[in-house]
Amino acid sequence: MAGQYCTRLVFKVHRQDPILIKPSKPTPHEFKPLSDIDDQDGLRVQIPVIHFYPYNNNNNINYDDDPGQVMKDAIAKALVFYYPLAGRLIEGPNRKLIVECSGEGVMFIEADAPEVSLEGFGELGPPFPCIEELLFDVPGSHGMINTPLLLFQMTRLKCGGIVLAIRLNHAVSDAAGLMQFMLAIRDIAHRAESPRIKPVWERHLLNARFPPRVTCKLHEYDQLVDTKEKLPASKMTHRSFFFGPNQVSAIRSLTPLDLRQCSTFEILTAFMWRHRTVALQLDPNEEVRIICIVNARNKFNPPLPSGYYGNCTAYSVAKTTAGELTGTPLGYALKLVREAKGNVTEEYMRSIADLMVTKGRPWYTMVGSYLVSDVTRAKFLEMDFGWGKPIFGGPAKGNVASFHVKHTNKKGESGVLVTLCISAPAMERLVKELDGLLKGNSSGDGAIKQPKSAL
Numbered sequence: 001m002a003g004q005y006c007t008r009l010v011f012k013v014h015r016q017d018p019i020l021i022k023p024s025k026p027t028p029h030e031f032k033p034l035s036d037i038d039d040q041d042g043l044r045v046q047i048p049v050i051h052f053y054p055y056n057n058n059n060n061i062n063y064d065d066d067p068g069q070v071m072k073d074a075i076a077k078a079l080v081f082y083y084p085l086a087g088r089l090i091e092g093p094n095r096k097l098i099v100e101c102s103g104e105g106v107m108f109i110e111a112d113a114p115e116v117s118l119e120g121f122g123e124l125g126p127p128f129p130c131i132e133e134l135l136f137d138v139p140g141s142h143g144m145i146n147t148p149l150l151l152f153q154m155t156r157l158k159c160g161g162i163v164l165a166i167r168l169n170h171a172v173s174d175a176a177g178l179m180q181f182m183l184a185i186r187d188i189a190h191r192a193e194s195p196r197i198k199p200v201w202e203r204h205l206l207n208a209r210f211p212p213r214v215t216c217k218l219h220e221y222d223q224l225v226d227t228k229e230k231l232p233a234s235k236m237t238h239r240s241f242f243f244g245p246n247q248v249s250a251i252r253s254l255t256p257l258d259l260r261q262c263s264t265f266e267i268l269t270a271f272m273w274r275h276r277t278v279a280l281q282l283d284p285n286e287e288v289r290i291i292c293i294v295n296a297r298n299k300f301n302p303p304l305p306s307g308y309y310g311n312c313t314a315y316s317v318a319k320t321t322a323g324e325l326t327g328t329p330l331g332y333a334l335k336l337v338r339e340a341k342g343n344v345t346e347e348y349m350r351s352i353a354d355l356m357v358t359k360g361r362p363w364y365t366m367v368g369s370y371l372v373s374d375v376t377r378a379k380f381l382e383m384d385f386g387w388g389k390p391i392f393g394g395p396a397k398g399n400v401a402s403f404h405v406k407h408t409n410k411k412g413e414s415g416v417l418v419t420l421c422i423s424a425p426a427m428e429r430l431v432k433e434l435d436g437l438l439k440g441n442s443s444g445d446g447a448i449k450q451p452k453s454a455l
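The sequence shown stops at residue 455 when you use the numbering used here, and every number in between is there.
Don't take every hint at face value.
In silico DSSO-like pairs for lysine-lysine, Cα to Cα no more than 30 Å straight-line [claimed, not checked]:
1) Lys-72 with Lys-22
2) Lys-389 with Lys-406
3) Lys-32 with Lys-379
4) Lys-439 with Lys-406
5) Lys-410 with Lys-432
6) Lys-158 with Lys-411
7) Lys-72 with Lys-379
8) Lys-96 with Lys-32
9) Lys-72 with Lys-12
10) Lys-22 with Lys-32
11) Lys-230 with Lys-359
12) Lys-411 with Lys-379
13) Lys-319 with Lys-406
14) Lys-228 with Lys-359
15) Lys-319 with Lys-432
16) Lys-341 with Lys-359
17) Lys-335 with Lys-228
18) Lys-228 with Lys-217
19) Lys-230 with Lys-341
20) Lys-439 with Lys-158
Because the hints were derived from the structure by calculation, they are not lab data.
Keep in mind it's a predicted model, so treat the numbers as computed, not measured.
Sequences and hints are given; from them, build the entire structure.
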């Protein structure tokens, strides 16, 4: 389970000039406001995802069809159904974000990396230090306003493999919404006339009430002052940690019997939060928070339409002190993680929308926080556009958030990758601690000892 990461690769990518892919048929010119959940400042960011495809010798796969052209044609046809994604964001009164459905298109780059094969990337897992080669930041494209809402880069490797990287303007969609659009591209690439899931805009469904009324405690939007000096990016370290079934079972064994039916996400989040806090060597009285990003699509009654592709996530919080978290058994952290997840209801989401319009769309606070997102159920690994499924699909890097990503390692073992970004000294302490717990302290049956507090 040692930390793993992609070493710096030195290779040249030969890119063609970026192009704009427009819908293949005329689409309405409209102005569509985003929801009050979409419109929060914390979502005004770009999020990168990446897929790695090996060259596939399967006789059913026809590489005579140029993969780049297949993708461009499928994107153009999918945009007829998802035509707002071909538009541009503009700001209305009070900074309200609106999509102008202008049909200008999404950005697409074709590239070749003739000096590197898939094998050269080693054990795949975010973050990818080579991301700037595989997802070029086209000058002028990175802002939120009046820029393409999606950027694709398809890179062909020396071995015949393909890397497909995507950048999404997070204000218009979350991971579930992006995957819905990508599945539409997949369906059309396989010669479907239309997507199996019909897109639904209906952003008004997640607008604030009139009059607004915040009825839930939304600690994620507490405006806290960070008294600590912010470390520069050069002093931060990114790693991925792989947990297979045996390690998950061993960690689960540290909890009381009544908590062992918890999900893999819950137990790994509790485990990593606790040991991350130990590694950071915080003051025992310092407040620490877990923030779970929760997909709330199934929390509504009546349910949101199945084709809804806007943001529908909450950043739910549970809090304690560093001393309490690290000085008590793992079950305590697990209860807090479950508490954070359990906070999210339809009323909770309504309260978030109401808070956004009454408090000026505040950022969620990261002071003392461990922000975690479970994307193991996202359909990254189902993105077969005609040349097979990817061997890795998911976020390209973590940075602020820690992601849980479904993954199969080179040994063929299926499990979960957990990404993390903390200071270099803290990461060194964390890796040593986890290696000791999950390797050195392992007995023949996979059991591990309850760790002691470092505070």
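How the hints compare with the structure:
1. Lys-72 with Lys-22: 9 Å, holds
2. Lys-389 with Lys-406: Given pair Lys-389, Lys-406 holds - Cα atoms ~14 Å apart, limit 30 Å.
3. Lys-32 with Lys-379: 27 Å, holds
4. Lys-439 with Lys-406: Status holds; Cα separation ~22 Å.
5. Lys-410 with Lys-432: 23 Å, holds
6. Lys-158 with Lys-411: Distance ~23 Å between Lys-158 and Lys-411 Cα, so the pair holds.
7. Lys-72 with Lys-379: Answer holds: Lys-72 to Lys-379 is near 21 Å, not above 30 Å.
8. Lys-96 with Lys-32: Roughly 11 Å between the alpha carbons, so the hint for Lys-96 and Lys-32 holds.
9. Lys-72 with Lys-12: 23 Å, holds
10. Lys-22 with Lys-32: 18 Å, holds
11. Lys-230 with Lys-359: Roughly 26 Å between the alpha carbons, so the hint for Lys-230 and Lys-359 holds.
12. Lys-411 with Lys-379: Roughly 22 Å between the alpha carbons, so the hint for Lys-411 and Lys-379 holds.
13. Lys-319 with Lys-406: 27 Å, holds
14. Lys-228 with Lys-359: 25 Å, holds
15. Lys-319 with Lys-432: 26 Å, holds
16. Lys-341 with Lys-359: 24 Å, holds
17. Lys-335 with Lys-228: 28 Å, holds
18. Lys-228 with Lys-217: 26 Å, holds
19. Lys-230 with Lys-341: 28 Å, holds
20. Lys-439 with Lys-158: 37 Å, violated
Against the hints set out earlier in the document, a violation occurs for number 20 only.
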